[in-house]
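> Take a look at the letters that make up each chain.
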Amino acid sequence: MIERVLVAVALLVGLGGGFLLARSRLGRKAPAEPDAVHHILLPFTGTEISRRAVDAALRLARAEDATLMPAYLAEVPKSLPLDCAIPVEANQAMAMLEAIEQRAGTKGVPVDARIERGRTYRHALARLLSEEDFDRVVVSAGATGTHGLSGDDLVWLLERAPAEVMILRPGPEDHRVLVPVARSAQRDGVAV
Amino acid sequence: MGHYKIFLGMAAGVGKTYRMLQEGHTEAVAGRDVVIGYLEPHERRETSDQARGLEALPRRTVAIRGGATVAEMDLPALLERAPELALIDELAHANPPGLEHDKRYEDIASVLAAGIDVFSTVNVQHLESLNDQVAELTGVRVRETVPDRVLADADEVVLIDLTPEALITRLRAGKIYPTRNIDAALNNFFKIENLAALREVSLRQVAEEVESKRLVHSEAESVGTREEERVSDDTARAVGERLLALVRPQPSAQRLVRRAWRSAQRLGTDLDLLWVKPPALRVEGEVERQVAALRRLASVLGATLLIEEHDDVVAAAARVARERGSTYIMVGEAPPAKGLGRLREPLPQRLMRAASPGVDVRIVANRGTPTDACPPYGNKRRGEGS
Numbered sequence: 001m002i003e004r005v006l007v008a009v010a011l012l013v014g015l016g017g018g019f020l021l022a023r024s025r026l027g028r029k030a031p032a033e034p035d036a037v038h039h040i041l042l043p044f045t046g047t048e049i050s051r052r053a054v055d056a057a058l059r060l061a062r063a064e065d066a067t068l069m070p071a072y073l074a075e076v077p078k079s080l081p082l083d084c085a086i087p088v089e090a091n092q093a094m095a096m097l098e099a100i101e102q103r104a105g106t107k108g109v110p111v112d113a114r115i116e117r118g119r120t121y122r123h124a125l126a127r128l129l130s131e132e133d134f135d136r137v138v139v140s141a142g143a144t145g146t147h148g149l150s151g152d153d154l155v156w157l158l159e160r161a162p163a164e165v166m167i168l169r170p171g172p173e174d175h176r177v178l179v180p181v182a183r184s185a186q187r188d189g190v191a192v
Numbered sequence: 001m002g003h004y005k006i007f008l009g010m011a012a013g014v015g016k017t018y019r020m021l022q023e024g025h026t027e028a029v030a031g032r033d034v035v036i037g038y039l040e041p042h043e044r045r046e047t048s049d050q051a052r053g054l055e056a057l058p059r060r061t062v063a064i065r066g067g068a069t070v071a072e073m074d075l076p077a078l079l080e081r082a083p084e085l086a087l088i089d090e091l092a093h094a095n096p097p098g099l100e101h102d103k104r105y106e107d108i109a110s111v112l113a114a115g116i117d118v119f120s121t122v123n124v125q126h127l128e129s130l131n132d133q134v135a136e137l138t139g140v141r142v143r144e145t146v147p148d149r150v151l152a153d154a155d156e157v158v159l160i161d162l163t164p165e166a167l168i169t170r171l172r173a174g175k176i177y178p179t180r181n182i183d184a185a186l187n188n189f190f191k192i193e194n195l196a197a198l199r200e201v202s203l204r205q206v207a208e209e210v211e212s213k214r215l216v217h218s219e220a221e222s223v224g225t226r227e228e229e230r231v232s233d234d235t236a237r238a239v240g241e242r243l244l245a246l247v248r249p250q251p252s253a254q255r256l257v258r259r260a261w262r263s264a265q266r267l268g269t270d271l272d273l274l275w276v277k278p279p280a281l282r283v284e285g286e287v288e289r290q291v292a293a294l295r296r297l298a299s300v301l302g303a304t305l306l307i308e309e310h311d312d313v314v315a316a317a318a319r320v321a322r323e324r325g326s327t328y329i330m331v332g333e334a335p336p337a338k339g340l341g342r343l344r345e346p347l348p349q350r351l352m353r354a355a356s357p358g359v360d361v362r363i364v365a366n367r368g369t370p371t372d373a374c375p376p377y378g379n380k381r382r383g384e385g386s
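Here the protein sequences line up with chains D and W, keeping their order.
The first sequence begins at 1 in my numbering and counts up by one.
The second sequence begins at 1 in my numbering and counts up by one.
Far from chain W, by Cβ distances over 10 Å, these chain D residues were calculated:
hint: 1; residue: 3
hint: 2; residue: 10
hint: 3; residue: 11
hint: 4; residue: 12
hint: 5; residue: 18
hint: 6; residue: 62
hint: 7; residue: 64
hint: 8; residue: 159
hint: 9; residue: 163
hint: 10; residue: 164
Here chain W is said to cover these stretches of chain D; the calculated rule only asks that three of the stretch's residues, wherever they fall, bring their Cβ under 8 Å from a Cβ of chain W:
hint: 11; stretch: 79-86
hint: 12; stretch: 94-104
hint: 13; stretch: 110-122
These are calculated hints, taken from the structure and not from any lab test.
The beta-carbon is built from N, C-alpha and C at its ideal position, and this holds for glycine as well.
Based on the provided sequences and hints, a complete structural model is requested.
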């Protein structure tokens, strides 16, 4: 009698283990291709970004279940190869991208950041347009100051971007998200 | 250009302001013209007592929203007074709208540019790059942040260190906050584990700053013979590190790469990014896009992206770490294991065992972006695709 019980228990354990193993193996199919992800591009330059633009892009991303793609545009001087490392620019970009990612984190929006190089900001933007897929572009007209994207760049973007472009007018409540100002530049009275 | 000295602490109450005032007195006794540009005594008697005998610049009253007023540092008056040394407390402070600058560290930059030496104070959680980490460690996020460059550009950084136990004793004795606030402070921020974590972050931050400056000096001062220069180079290399970050082609890898690159920058060393590609995985679609993005990011940063096709992540990573002479391996945080995966030893431990002795393994917290194409390495088993 005891032997039968033991055999029955062993059978049950074996069946249970086999079931778990089979389930585990079935669950380990070839990786599924991820669903098409909607991206909202947020290009910016320099060490300032409009908080309104960031918030607008985050609101859109949240509403549309999309991924925010903040893209730092970096100019590479003609004296250097276009694909050279740019640690100083990258340092600035990292601080900005980190700040945007933190803000996105509080809103539950996923982020897929980029740093794009070009001879000019427009060139960097053009390279970005050719390399990435996105559904919308959010850009601040506040970036059209002494540095950053000019009015011509924005017109160019409207004509070339294969996506809906949203240009935000700067408002009185438009504060900087992050300004990692280089102290040496401050000493010289130069805005960076 | 003025000389800039920052007193860095792990938390309020460690004695940064007190020490700044002490050194201000020492300078005044030595015959220098010292002025307190701004002092925040936080109702601490010891601090107020220490300020006695030093000239304090009157604050200016600034109107803010709702008709209220606040007392702020009077930057124009300080520049006009032009002392030899200005003591300016709390450099991370955000100024109200309408003043010359948004942040006090920008005011300080103007003071330094005027040729005035500055002593100032800041807590480690205000540093931009650490804000995230400190918030994760303590659950408290500060709003007033300063770029790391402010600390890096200072001529001197003095760490005011105190053990967590001693700080809590000071708090209980009413030396930090008024009696009515002590219980709330003890129940929130001032916990031993929070303070211990912050202390570790502060010590590491200053150690990295010192190391970074030492290497810069070493490079700048290598003006001897070629032999001397070579010896200097070897010394730097001997104490140097090399970082290897285990990445996957997915958006959350960006954060890991950022952390790894920042560490590499501070250590003045090279960064390798390694993706161990499962043999069965086809690089197409979103994976292909993410690999291209990783490759571009590596190129921008001057890092090296290595792609190793292997079905055993640990073996491949350990081999690459040996070949590249890596001293740190950084991995992303794995989500909690499920099912039979719970029985498996976590990836960092397996890496520690497989890598050469002396190689540290560091885990970078994951924000868990839902767009990740594949789960992190930690939950993978040998032979699995990603």
